[in-house]
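Per this note's numbering, residue 446 is the first one in the sequence shown, and the count goes up by one each step.
Note that these hints are calculated values from the structure, not bench results.
Each residue gets a CB set at the ideal place from its N, CA and C atoms; glycine is no exception.
Just so you know, not all the hints are guaranteed correct.
[To be verified] Capping the alpha-carbon separation at 25 Å, the derived lysine-lysine pairs in PhoX-like fashion look like this:
| # | residue 1 | residue 2 |
| --- | --- | --- |
| 1 | Lys-601 | Lys-786 |
| 2 | Lys-676 | Lys-744 |
| 3 | Lys-744 | Lys-692 |
| 4 | Lys-692 | Lys-676 |
| 5 | Lys-787 | Lys-713 |
| 6 | Lys-601 | Lys-787 |
| 7 | Lys-601 | Lys-691 |
| 8 | Lys-713 | Lys-692 |
| 9 | Lys-744 | Lys-691 |
| 10 | Lys-713 | Lys-601 |
[Unchecked claim] Computed Cβ-Cβ distance ranges for the label pairs, DEER-style:
| # | residue 1 | residue 2 | range |
| --- | --- | --- | --- |
| 11 | Asn-680 | His-767 | 32 to 38 Å |
| 12 | Arg-747 | Arg-629 | 29 to 35 Å |
| 13 | Val-729 | Ala-758 | 20 to 26 Å |
| 14 | Lys-676 | Arg-753 | 23 to 29 Å |
| 15 | His-812 | His-767 | 22 to 28 Å |
| 16 | Pro-751 | Ser-537 | 38 to 44 Å |
| 17 | Gly-498 | Arg-747 | 46 to 52 Å |
| 18 | Asn-520 | Thr-669 | 38 to 44 Å |
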Amino acid sequence: MPAPLRRVVPRGNRVRGRASGSRPGRGPRQVRRRPYVLSPALCESGASCYKTGVRCLVTGATGFIGGGVVRKLQNAGHEVIAYVREGSDSRSLQDVERIVGDLGDPNRLAIAAADCDAMVHAAGIADPAADTDSLGWAHVAGTENVINAARQAGCKRLIHISCADVTLYDGPRSFWNEDQAPPRPFGELARTKLQAEELVRVSGQRGFRTTALRPALVWGPGDTTHLPGWKAETNQGGIRIIGGGKKLMATTFIGNLTHAVLCALQAKVVTGNVYHVVDTELTVSRDFFTDLSTALGWKPPRGAGPYRWAWLACRTGLSSLHPTQVIRRGQTSAFEMNRAKKDLDYEPIVTREQGMAELANWYRETHGNR
446 MPAPLRRVVP RGNRVRGRAS GSRPGRGPRQ VRRRPYVLSP ALCESGASCY KTGVRCLVTG
506 ATGFIGGGVV RKLQNAGHEV IAYVREGSDS RSLQDVERIV GDLGDPNRLA IAAADCDAMV
566 HAAGIADPAA DTDSLGWAHV AGTENVINAA RQAGCKRLIH ISCADVTLYD GPRSFWNEDQ
626 APPRPFGELA RTKLQAEELV RVSGQRGFRT TALRPALVWG PGDTTHLPGW KAETNQGGIR
686 IIGGGKKLMA TTFIGNLTHA VLCALQAKVV TGNVYHVVDT ELTVSRDFFT DLSTALGWKP
746 PRGAGPYRWA WLACRTGLSS LHPTQVIRRG QTSAFEMNRA KKDLDYEPIV TREQGMAELA
806 NWYRETHGNR
């Protein structure tokens, strides 16, 4: 019987009381299944360890990205176990094996990962206004618990969903590769996500391969992250455009991100590397939000003044936008994908036009004319 895993507390964060959602979940009795047969020769050579299918644990499975990953893996013929928080809405996972728990419970994570070949860590906080303690618990401590649990369970591969905003700062990011970064990312969301990514990067070793994917602004069907806020802006006159909306804005359609997860799962060399995953088409923020508003039948976007005015307004409380949102909309962001193309054999499979059509169909089915 392996020794219990220790509970990891985020370094540098003073946590008062129990973190939100940290009560160990009480899920259904875990059924240990016979794992898929791996090919030792392939694993040792660094090639794909999976001949037919993968038993894969997905964290954050009730979220926008995690839910998309679950569906993609299922459609590709893999066996999926969804790791969900107690009380979360898991109605979309009725046909998926579910384990109830949270990132603050490493032993529960290890139980959920038993007999799994791989893990996809998609859980996290997307709100840039979240408090520092919550971000530290979810991203830093939570990711370290995931890594330790995956190792103890004998998983061969860990795919971590990071984000391109680990390099966010008050300046342009023009066709940056994965090795370019500012001296210090802006905001606790970016900094804690970067710490989590670094933990994943350095944990890769023989027999345990790690990969971090960096999507940009993730959009598409199932979006519960950005759409509610954009809709609220629309109800107040339109999505706000910063500085005329003339800057490039990197985006990642959910279907392209989940395709990248499959590519990483099957790639030959993915040990400890970080990869940008973005849409092929370049777009400026004005065009993206105009296309989105048109597709959903919303009011067109509206101007919100020059970049520095918008920055000052949000920093002084005169705007409801968060500074992170102002940077995303008002500063250039465009990223190279040469590494993902070379190592993962990744190419986006959904165009922006196709993605907008999919988003519009989903929105009409789920929201009607609202």
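The hints, checked one at a time:
no. : hint                          : verdict
1   : Lys-601 - Lys-786             : holds, 23 Å
2   : Lys-676 - Lys-744             : holds, 10 Å
3   : Lys-744 - Lys-692             : holds, 21 Å
4   : Lys-692 - Lys-676             : holds, 22 Å
5   : Lys-787 - Lys-713             : holds, 11 Å
6   : Lys-601 - Lys-787             : holds, 22 Å
7   : Lys-601 - Lys-691             : violated, 44 Å
8   : Lys-713 - Lys-692             : violated, 36 Å
9   : Lys-744 - Lys-691             : holds, 19 Å
10  : Lys-713 - Lys-601             : holds, 13 Å
11  : Asn-680 - His-767: 32 to 38 Å : violated, 18 Å
12  : Arg-747 - Arg-629: 29 to 35 Å : holds, 33 Å
13  : Val-729 - Ala-758: 20 to 26 Å : holds, 21 Å
14  : Lys-676 - Arg-753: 23 to 29 Å : holds, 27 Å
15  : His-812 - His-767: 22 to 28 Å : holds, 24 Å
16  : Pro-751 - Ser-537: 38 to 44 Å : holds, 42 Å
17  : Gly-498 - Arg-747: 46 to 52 Å : holds, 49 Å
18  : Asn-520 - Thr-669: 38 to 44 Å : violated, 21 Å
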